[in-house]
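Novice: Sequence:
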Amino acid sequence: MTEADYALELGRRLRAARNRRGLSLLDVQERTHGRWTAGTLGAYERGSRTLRVHRLVELAELYDVPATLLVPPAADRRETDHL
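1 is the number of the first residue of the sequence shown in our numbering; add one for each residue after it.
There could be a bad hint or two in this list.
[As the list claims (entries may be wrong)] With beta-carbon atoms standing in for the labels, derived distance ranges:
no., residue 1, residue 2, range
1, H54, G34, 29 to 39 Å
2, D5, H33, 25 to 35 Å
3, T32, V53, 28 to 38 Å
4, V57, H33, 30 to 40 Å
5, E30, T2, 32 to 42 Å
6, R52, D5, 29 to 39 Å
7, E30, P73, 25 to 35 Å
8, H33, T2, 18 to 28 Å
Hints are computed from structural coordinates only; laboratory data are not their basis.
We treat Cβ as the ideally placed atom computed from N, Cα and C, and that holds for glycine.
Let the sequences and hints guide you as you build the complete structure.
Specialist: Below is the structure:
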């Protein structure tokens, strides 16, 4: 899995978690009083913006899911694992 593929899968998982809560991008923006804008969330979900870990944890809490469910399995990151 390439870095781009990994970002897309992370975004897919974010979108699925949001949709399971029945929230639109604008709903999240309104509920967080603009802390999370629809544009920023959409960019994360499209995989076009890098999501830092602390922000991922915030979204997991907002969507009431464990952060580990949002992160694609490490085994899928073989090509991006440089350590």
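Novice: Next, verify each hint and record whether it holds.
Specialist: Quick rundown of the hints versus the structure:
Checking the proposed 29 to 39 Å range against H54 and G34 shows it is violated: the Cβ atoms sit about 18 Å from each other. Restraint check, D5 to H33: a C-beta distance of roughly 34 Å satisfies the suggested window 25 to 35 Å. Roughly 18 Å separates the CB atoms of T32 and V53, a value that falls outside the hinted 28 to 38 Å. At roughly 19 Å, the beta-carbon separation of V57 and H33 lies outside the given 30 to 40 Å, and the hint is violated.
Look at E30 against T2: about 35 Å separates their beta carbons, and that is inside 32 to 42 Å. Between R52 and D5 the CB atoms are about 20 Å apart, so this pair departs from the stated range of 29 to 39 Å. For the pair E30 and P73, the beta carbons lie near 33 Å from each other, so the given range of 25 to 35 Å is met. Distance hint check for H33 and T2: the Cβ-Cβ separation is about 36 Å, which falls outside the suggested range of 18 to 28 Å.
The structure does not agree with the numbered hints 1, 3, 4, 6 and 8 stated previously, though it agrees with the rest.
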